[in-house]
Structures are given as structure tokens and as C-alpha cells.
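Top line first, the protein sequences correspond to chains A and B. Note that our numbering gives residue 93 to position 93 of the first sequence, counting from 1, and the numbers run on in steps of one. Note that our numbering gives residue 222 to position 222 of the second sequence, counting from 1, and the numbers run on in steps of one.
The hints are simulated quantities; they were obtained by calculation from the structure and are not laboratory data. Note that the Cβ used here is the ideal one computed from N, Cα and C, for glycine as well.
Label pairs and their in silico Cβ distance ranges: (1) A:L116 with B:K213: 58 to 66 Å; (2) A:L116 with B:F92: 37 to 45 Å; (3) B:G241 with A:D303: 41 to 49 Å; (4) A:L276 with B:D206: 51 to 59 Å; (5) A:G322 with B:F127: 24 to 32 Å; (6) B:G69 with A:G322: 52 to 60 Å; (7) B:G301 with A:S277: 35 to 43 Å; (8) B:Q252 with A:D303: 24 to 32 Å; (9) A:G307 with B:Q252: 40 to 48 Å; (10) B:F143 with A:A371: 51 to 59 Å; (11) B:P7 with A:D303: 58 to 66 Å; (12) B:K35 with A:K299: 18 to 26 Å.
Every beta carbon over 12 Å from chain B, so not counted as near; a handful from chain A, in silico: (13) T6; (14) A12; (15) L15; (16) Q28; (17) V36; (18) L77; (19) N83; (20) Q157; (21) D275; (22) F305; (23) R312; (24) V327; (25) S376.
Given next are the chains, with one letter for each unit.
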Amino acid sequence: MTFWQTRLGSIALALVFCFSLDQFALHQNSFIQRLVVLAGLYVTLAVSLNLINGITGQFSIGHAAFYQVGAYTTGSLAGAFFNKAHLPGPAWLILMMFAGAIGASLAGLLVGLPSLRLKGDYLAIVTLGFGEIIRIVVQNQKALGGAYGLTIAPRFQAIWLVWLLAILCISVSRNLLKTAHGLPFLAVREDEVASSAMGVNVTSVKVTAFLIGSAFAGAAGALLAHFEGFISPAMFTMDVSFIIVTMVVLGGTGSITGAALSAVLLFYLPEKMRDLSDLHLSTIVAVGICLVIAVASIKRLMDHFHGEPRKRAGFMAGVVMGAVVLVPILGALLNNFDPLKTSVEGSKLRLVVFAVTLIVLMLLRPQGVFAHHEFSWAWVRKLFRGTVKAPEGVA
Amino acid sequence: MELSTLPQQLINGILLGSIYALIALGYTMVYGVLKLINFAHGEVFMMGAYAALFASWALGYTPNNALTGSNPVNLIVMLLASMTFCGLLGVFIERFAYRPLRTQPRIASLITAIGISLFLQYGGQLFLPSSPAPNIDGKVNPFIGNLEVTLAKGAGTSAAAAADIQSKAAVAQKSYDDWKLSHKGADEFNLPADGQALLNVKHDTDRAVRDLKDRGDSGSLKLSVPRGQFIMLVTTVILMGMLTYLVMFTKQGRAMRAVSHDFDAAALMGVNVNGIVTFTFLVGSALAGAGAMMSATFLSGTKIDTFFGMLPGVKAFVAAVLGGIGNIPGAVLGGLLMGVAETLVVWLGYDNYRDAIAFVVLIIVLLVRPGGLLGSSKVEKV
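Go ahead and model the full structure; you've got the sequences and the hints to work with.
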């Protein structure tokens, strides 16, 4: 197949996927539609943050700020111009995506500039602080609705557009990684000084990464504003930034596949936990104790067991199984103590799960589930056939 | 914004800043030895406030049935409870969350720190009383009233006029009280006409007394500090003095400085590096505990919830960076400056932005002088 055939094929496939998802969601209730839309937005956010954090090696934990800038830019534009523009819905939405992207990338430029002087944890703090400043400033603007929020007149249920944006974001990242344009980004991640000695323009690479990443977040914000019909500063707090960082870190900093998959997973699981019934405190304590024991023993196995990998995996599976079996027994035992008998709303556990995921992951696999690996068809073939088929013409 | 209130605002800023300084010391010490920003430090502070709250409940100052009267021993018990708990919590976090990751890139520790702080914030909600947010009962504080210093006298009032108006007020009060005695069970918000007339007279004379006093005070310049907050400042200074002694004149302190100067070389010279790191976390977290207990007890109207430590933690971190992170006097200076900056923003009338000023200061400092005020920015060697 020629280059253009595969390209057109992937584009057609993406469009078919988006529209069939749209058709599927149209027949579901509004809660499921919301889930599908927000999952798509989080995929965009996580993959775009992965471009900054994973591929370029900066450490930004203020991604919600760009999301917010995009949402508010388009929110105020929609209030002022939608009725005068006389555009059909999708055209207006696409226009607004561009507007949100431009607004957010201006903000990204503002954050990207300090990143030239700062590294690691300092940059993290500055991005976090920047996000908070934007939120507080918006909160105090009467024109933007202040703390009460902003209502956006035209609402659109463009599920296909949300997922098209996610796929666009993924493909931009993927193409950046696979082509020569992405090499400077990877070089900056590995060693800034060495890459600048090799003639990489570190400044422009960092700023470009921030620009692209924040533009996608801004476009996502535009779609969020038009989907929800209402935005308020409370929707863009530090927690949102932390959740996006968790998605990137869980998937493996630098892995697009990892970011996208963990975004869907980490978005869906807490939503599922909303309808969790009340739990006894004793169960939670039991889970906590078993988790600590399991993590400690797995960590010990990883550090000190130098036998066969297969045997090691077996031991680990055994530890996990043992922990799972231990939970109900310990829970029943602990239930005899009075202070632990109180019940807790299961939905309160949502962010605790995030926190525990982060800690456990960092202790056991700091590089994330996928590390630097990406999904590829060769890998799938290997899974089924046991070997990688050598490309034609290679002996 | 009124210029005559400026000295008072500066004093308030210093009082607030002394708490930030105590927290900032923990950040700066940990950064000094491990080069790690302990994001969970604000949450250690929050747990310290809860420890103080539970200690006050154990001493009998529960919300339903608070003892009246107190003595300084109660405060010392609360302080020690909070410091001990926080110290142990800090050591625990270091041992189980940071030490296993010491060989990994620093970002891993940073993410773990974020994880721990989220865990304490949201996990705490499962176990700790947080809605409605409790507060430490004010009765536990035996130091009531204000310390006042008069910098400039006011216009003054004539004694005769004062005596006249006060006697009128006393008469009005008495006649209203008599009327109330004879009309038992009258609804105070819906009085019959005669009672209402007496109440109005009483209110008028009371207001006249206050007016006279205010007119006498106008133009005067008074500084007033609640006694409790003065004790807080004194305790902070004592703790800082103890810390300075510890770091500069003891064996442990010398080891701490050695580790912060060069981690590996200190280990080679026979310093028990792990022990020193544990000790640093113990001391730094205990200082945060002291700050938490004092701010929850002496700053009036403080409500404790699981997000209690978030903003003070961030501001104290900014204070540490402002003073030069890793530098102990710098943390104190930065803390005081942050406190003053915050009250000045409120004084200028931008009280909605009091939480944003910390980040603005941070970004300016990092761009203009990344090493901080007292720190030295080192050139990175390759």
C-alpha cells in the first residue's frame, strides 16, 4: 500500500469510528452521553499533557488552566457573537474550537516562557500557581460570571467532534514522535544541555510543546463549554490538573497509548464509584491494610528476588490473590470493633482511589504501566503468533 | 485603605507570617537534605490541627460541654500532642513513601508527594470530622483580651460630658430592665409600644456613649494584638531559637548541615544519612505541628477541615522559595514577608486576591532571582 492509501484509510476509519460512536450514544440516556463526551475530553487533555510532560520532559501540573482558558474564551465569544454569526452548529463549534485553542495557546506561551529558566519541581509549582492565578482572576471578574459561573446559550451534543479532536490530538502526538520533527522534543527530554550542544533550539522546542499542548486543551475546553452549557471556576480546580497528571503518569509518561487508555479508565472508574453503595469503615480499613501488605511484599520481591522471571510473576500473583482473599476475612474481624462499624458513602472514595493509585504506582512501577512503549500492530501480531514477522526483503 | 491602619496591618502580617515561617522551615529543611519538595507538608500541618483539636477534646473542651476557664498547661499539652503526632507522621511518610524512591528520578517522589497529599485530604474526610468543620473551643485559650500600645493620643473628650452621657445611659438601661422585670415573657423582637419606647431610648444612649468614645479616639494611633497571638509569636521565636541551636551547635545539627551540603560525601564520612533524614523530617514536621496548633487555637474563627493545610502549605512553600530554599534564616524571612504581603493586599482592598498573591510573588521570585533572597543561585555544572 502506498503512503496515501494508508493515510486516507486511517482518516476514514477515524471518521467512521467517531460517527458510529455518535450514533451509538444518541440512543443512550443523557448520563451515558455525558460519560462518552467527558471521556473523550479527558483523552484529549491527557494526550496533550503527555506531549508536554512525557515527550518533551517538562513537568506541568496546571493543565486545567488551559482547559479553563479555552472554555471561558469560547463561552464569552458565544455570548457575544453566536446570535449575530448565523452559522450552522458544527461550523460554529469548529470555529470555537479554533478560538479556544488560540486563547489557550496564548496562555501556554505565557507559561512556556518561564519554563525556559525553570526545571523539574520549580516548573511544576509555577504551572500550578499559574493555574490557580487564572482561576482566582476569573472568579473575580463580574463580566465572566464570577464564582457563579457563566451560562452559554447554544448547546451542542457533538459527540463525534469530541472524539475527532481526541483522535486528532493522538495523531498529532504520534506523528510528532514518528517523524524527524519530534526528535528535538525527545532530545530535550533526555538531556537539555547535550541537545542544545547538538544544535537543538531548546527554547523553541519547549515553547512549541507548551503551545501545542495548551491549544488542544483549549479546544477541549471549547467543546466542554458548548456541551455543558455552563462553566464555573469550580470546574477547573487543582484537582482536575492532578487527575490529568495522574492519567499521564499511570499510562507511562511519554506513552500516547498509555495516556489515552488510562484517561478512559481513570475517568470511567470514579464515575462508576458514584453509585457505589455505602461501605463499612471496617471494609475500607481492611482493604487499606491488605493493600499495604501486598505492596510491601511485591516491592520486596521486585528488589530482592533474583530467580526466574516466571517464578517471580507467580509469587506476585500469589501475593495479590492472598490479599484479595484476606480482605473479607479481615473486614469481618474488624467489624467487631465499634468505631469501625460506621458506614461511609462510597462516592467519597473517588479521589482517595486516585491518590492511592498514584502512590502505589510510584512505589511499584515509577515509569507507568506502558512506560515508553506504544501500541503497534507488530506487537499484536507477536501476541498471537509468538514472533514478530520480519518485514519483506529482510533476511 | 487608610494610612493610619498600616502599622496595625504590618503587625497582623508579622503574626500571620510567623506561622508561615514555621511551616516554611519544614519545607526548607527537607529540601536541604533531600532536594525534594515535600508537597505533603501542608497536609502534615492539617493533621497537626486535628491532633490539637482531639487533644482539646480530651482535655474536656468538647463542643457540647466545654469547660470554662483554662490554664497554660492545657495549651502546652495540646502543643506537645500536635508536635509529636506531626513529627511521627512526617517520619512515617518519609520511611514508606519517599525512602523507597530515593534512587528513582526526583519527579517520582514529587508525584508520590502529590498522591500523599491527596490521600490525606480526601482519605481524611472518611475518618475525621470535617463537615460541619469543627474548631478548637475558644475557652481553651486562657490569654483573653488585647495588648494595646498607644502610639499617638486622640483628641480626647471632656470628662463632664462623658460622665453626663454615661449616667443617662445607666438610667435608660435601668428603666428598660425594670420594665422587662414587670413584663415577664415579653418577646424582645416584638415589644408593646411602651417597652419599645424604653428600648429605643436605651439604644440611643448606648450609641451616644460609643460615639463620644470614638470621637475621643479619633486621630489616635493604637496597635492592638490579642494576647493569645502575642503568646503565639513568643512561642514561635522560642522554637526558632531552639532550631537554630539544634542546627548550629549540636552533633545532629552538624550532621544535618553536612548531609545538606553533600549527601554522598556525608555518607562516606560516616554520617548515618538515613537517620539524619528521618531526624530532619521529625523536626520539620513537628514545627508544622506547632504552627498548626497555634493557628487553630489563637487565630479566632479558624475552622478545621481536611483542606486546612492546602493554602498555608502553598504559601509557606512560596515563603521558603522566596527566602532561598534550603536556607533556614531565609525561610523565616520569607514567611514574615509572605504574611506581610498578604495583609497588605487585603489592606489595599483586593481581599479576593489574597490567595493569588502567593503565586504572583513566587513567579516573580523564580523569574528574577531563582535562588531566593538569601540563597545563592548556583551555576549548573555539566
